[in-house]
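Chains as they are written, first to last, in my numbering: chain Z, 1 to 445; chain H, 1 to 446.
There could be a bad hint or two in this list.
[Unchecked claim] DSBU-like mimics (lysine-lysine), calculated; alpha carbons at most 30 Å apart, straight line:
#1 Z:K134 to H:K353
#2 H:K350 to H:K275
#3 Z:K146 to H:K350
#4 Z:K88 to H:K208
#5 H:K136 to Z:K7
#6 H:K140 to Z:K188
#7 H:K140 to Z:K146
[To be verified] Over 12 Å on every C-beta distance to chain H, these chain Z residues come out as not near it, computed from the model:
#8 Q314
#9 A388
#10 V421
#11 N435
Source of the hints: derived by calculation from the structure; they are not laboratory data. By construction, the Cβ of each residue, glycine as well, lies at the ideal position given by its N, Cα and C atoms.
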Amino acid sequence: MRISDLKVSISGIRGIVGKGLTPQLLMKFSEAFATFIGGGTIAVGSDTRPSAEMVKYAVFSGILSCGATPLDLGILPIPSLQIYTKEKKLEGAISITASHNPVEWNALKLIKKGGVFLYPYEAEELLDLYYQGKFRRVDNPSKIEKEPSPFELHERRIFQFADIDLIRKKRPNVVVDPCGGAAVPFVKKFLERLGAEVICVNCEISGEFPRNPEPLPENLNLLCEAVKTSGADIGFAQDADADRLAAIDEKGNPIGEENTLALAVDYYLSNKKKSPVVVNLSTSKVLEDVARKSGVSFFRSKVGEINVSRKMMQVGAKIGGEGNGGIIAADVHTCRDSFTGMVLLLELLAWSGKRFSELKEDLPQYHMIKEKVNISFREGKRILSKLAEKFKDGRIDFTDGVRVDYPDFWFHVRPSNTEPVLRIIVEALEEGLINMILKKIKEEL
Amino acid sequence: MNDRVRITVSGIRGKVPQSLNVDIASKFASAFASYLDEGRVAGCRDSRFSSHMLEMAVCSSVLAAGLDYIDFGLIPTPFLQFLMKREPFSGGISISGGHNPLPWNAVVLLNEEGAYLEPFEGSEVFNIYESGDFKKASWKNLGAAAERAFPVELYLKEMSKWVNIQRIRESNFKVVGDLCNGAISPFMGIFGEFFNCKLVTINDDLEKPFPHPPEPSIENAAQVEAVVKATDADIGFLINSDSSRISFVSEKGKGLSEELTLPLCLLSLQGKISKVMTTVSTSSWADWAARRIGVNVYKTKVGQSAVIHMMGAEDAEVGGEGSGSVAFSPFSLGYDALLSLAFVLDLMSKEGKSISEIMAPFPEYYMEKCKIEVPPEMTYKIMDKLEKVYAKERPDFTDGIRVERKGLWFNIRPSTTEFILRLILEGETDLLVKCAKAEIIERIEE
C-alpha cells in the first residue's frame, strides 16, 4: 500500500512542498472553500515557512476565482487570525501553516464565521465540493485587500481580559522562544506592554525553524539555557503558529505542556471565574484534579481544537484546552492561544508570589508517556475492540479511539485519521506502572 | 462551443470563467516555468477585473517551479517587452486580453527577449502542459516574488532616440487620446509632458470597465472625433486595452482606418529602415508607403508571433499589421502603440503638415473586414472547400487563402483568437469589394 504525503482531510489540506502540495491543488482547495463560504471576505494569514509566499498567491487566486475577497493579513499567529475573523465578522479565514510539522510541510487550515474551525460535517461538505470540482467561478473577481496590523485586535482582546496591573507590579523577567514562527513579529512587544522584561530567543525569521517546532521538553534546550543564565522567572515556548505553549521554570526545567495547561486552568478557576472545564480525551488527569479542587464540572471531548471548543460552547465552559499546550480561555476566544496562556501564567506568578518551580510542585504529580506506533489503517481499527476486551474491568470510552480508566492509571489509544499510526497515551501515579501497561497494549499489536 | 479555450502561441485565450480560469492559467504557468527551468520571470497584467486573479495563479505556479517572479503590476504588455529586451529574464507572462472584448482574457507567454513564443517554443510548453509533468522545487528552492516599478523614464529616453524629440517638443501638438481605460492610463500624462504635447485623454480610468470594444477602429472613434473637433486638436488616437494597437483621428475629427497606422509609421521612418515585414491580410497602403520610402516588403502569416519572428529571420527593422500594430525591432520585439504615436508625431513635425495633408497623396482603397461565425468543427471543412473553389486563381496559402485579382485582393482565414473566419477584402472601388464579398459568402454558404 502506498501512503501519499498529501493529506486532504476534514482538517484541511496538508503536504510536502515540491511533492504533493502543488499550486494547483492549493488553488482548487481555496476555490472549494470560497464556494462553500459563498462569497464575502476571507482573511488569509500565514506562519513563517518559506513556502508561505507560493501558497499564499495560490490561495488568493482561488478565493478570487469564486467571488470572495481575500484579505491579506501577512504573517500572523493562528489565534490572532481566528480572533480577527470573529471580531470583524468575516465570512471565513484560511491559515497557511503546517503548525508543528517540519519546515518542508505546509497546509491550509480553514476557519469559518465566528473564528472557529469547520465542524467535521461542514468539512465533509467542503471535501465533497473539492472532489467534484464544481466551483462557483465568477466573471468579475474582486480585489485583494490588505490589513497592516491585524495583531492589535488580538492584543486588545487579551488586555481587556488580563490583570495588567498585577503583572506590571511584579515586573517578571521572561525568556520567550517563538521558534522563528508566526509570533516573532509580535511576542516581545506584547510581553513588554504587559510590564515584563523580555529576552527573545529564536526570534529571527530565517526561512528554517531553529528547532523542531513542537514545544516538547527535548526541543527546548536553548530556551532552558537562556532562562538559567539570565535568571529569568519563567520561560515560554511557542510552536510555529503560536497556538501551543509550554512553560519553563526558573531553574530552566520544562514543566511539560500538560502542567502548563493545568496551572493556567487552576489559576483561572481560583481567580477569574468558576466555570466548567473541557479538555480532550488525551489530556492529563491533573486537569480533572484541578477542576475537582475548585468544585466545577469536568468534561472530556474528542481530540482536536474544534471538538474541545464546541464542547465548551455546549456546556458553557469558559476555560479548557488540550494537553499538548493548547490553552483555551473563552473570554478571549474559544481557540488555543499561547498569548492568553502566557498572560494567565504571568498573573499566577505575580499573584502567588511563589517561584514557578514551586507552583509546579503544588500540582499532583503523574507520569505520562506518549507513543506513536506504525500500523495499517485497518489494523488500527481492529485493535480498539481487542483492547476494550482485554481491559474490560476498566471504565471504557469509545468517543475517540478507545480510552480506559482505572483508579491508578488510564490510557488512550487512537488511530490517526491521516497517517497509518496509532497514538498511545498512558498516565499513571507510578512510573513503573506505565511501562507495564504500555507493554500490555503493545502485545495486541 | 464558443466557450472553448484557445491555446496558441499568441496566448491561452478564453472567456473567464467558462474557459479560462485559475486552474488552466496556473497549469500553463507551471508548464512554461518548467520549460524555462531556471532564472526569473517578468510579469504584468492589464486592467481587466480577472487579470489580478489570473496573475496570482501564475505567480504561485512560477514560484513553485523554483523561478523568481518579478511583478511589474498593471502595465501595458509592450512595456514589459521593452524591458525584457534590455534586462536578462528567462521569460515573461502578461495577463492581458489585448483587443479581445470582455469577458475574455489571456495568458500571453513571452520568450527571453520579450517576443511572443515561436511555434516550436510554444509546442514544447504545450507538451509539458499536456503531460502534467511540471517541475516542482523543494521548499528550500522555491522562487521568490518581488514587485518592481516600470522605469518609464528609461522607456521614454530610449524612444526619443528614434525620433526628433526637439522638433516634436517645439511643435507643441494638441493631442486627444482614448485609452480604453487600459493599462496605459497612468502613464499617458508622462508621455504628453515628455513630448511637450497638450494632451486630453478620455476613458483613462483603470477602475472602470471598457467603454467600448477594446479595438482601435473607426467604429469606436466617435468620442475622440467629437473631442478633437471641440478642442481643435492636431490629432486624436485610440489605443487598445494593452496598448499594442493604435488608430488615429485627423485634425478634422475624422477617424482613420487602423490600416493607416503602419503606412504612417513607415513614412515617418524614411531613411532609417531597409525592410518591412507585414502580413497577407494587411492593406496595400503598407506596400504603397514602403515603395514611397524605398524599402522592401515581406509578407507572412497574421499574428504578432509570426511577424516578429519573420522580422528576425529577414532582418526587417519594422513589422506590422493592419490591426493598428507596429513593432520596431531596435526598440522592442513587440507591437507598441505609444511608439507608433511617437513616430506619427515625428512625421507631422518633420513634414510640417496636418494629418489630413499627409494623408492626401494616399491612393484610394476600399477595404472590408468581416467576421463570419462558423462552428469550430466546420472551420476547416469550409477552408478546404474554398481552397478547391479558388484553386485556379493560384492563391497564396501563407495564411488561409489569399487571392489577388486585378484591382482587388482578399484573404480568408480562421481567427487564431476567436471562433470565426476573418474575411478581408480590399479593392480600388467599393463595387469591386462588394461584389467579391457577396460571391465569397455565397460560396461559404453553398
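Results of checking the hints against the structure:
Pair hint K134 (chain Z) plus K353 (chain H) does not hold up; C-alpha atoms about 61 Å apart against a cutoff of 30 Å. A distance of roughly 21 Å separates the Cα atoms of K350 (chain H) and K275 (chain H); the hinted pair therefore holds under the 30 Å criterion. Between K146 (chain Z) and K350 (chain H) the alpha-carbon distance is near 50 Å, which puts this suggested pair outside the 30 Å criterion. As the CA atoms of K88 (chain Z) and K208 (chain H) are separated by approximately 29 Å, the hinted pair is consistent with the 30 Å bound.
For a cut-off of 30 Å, the pair hint linking K136 (chain H) to K7 (chain Z) stands: about 18 Å separates their Cα positions. About 28 Å separates the Cα atoms of K140 (chain H) and K188 (chain Z), which keeps this hinted pair within 30 Å; it holds. Of the supplied pair hints, the one linking K140 (chain H) and K146 (chain Z) holds, its CA atoms being roughly 27 Å apart against a limit of 30 Å. No beta-carbon of chain H is positioned within 12 Å of the beta-carbon of Q314 (chain Z); the least distance is around 39 Å.
Listed as outside the interface, A388 (chain Z) is consistent with that label: its C-beta sits roughly 42 Å from the nearest C-beta of chain H, beyond the 12 Å cut-off. The Cβ of V421 (chain Z) lies farther than 12 Å from every Cβ of chain H, with a closest approach of about 23 Å, so its non-interface assignment holds. For N435 (chain Z), the shortest C-beta to C-beta distance to chain H comes to about 38 Å, beyond the 12 Å cut-off, and the non-interface label holds.
Hints 1, 3, counting from the list given before, are not met by this structure.
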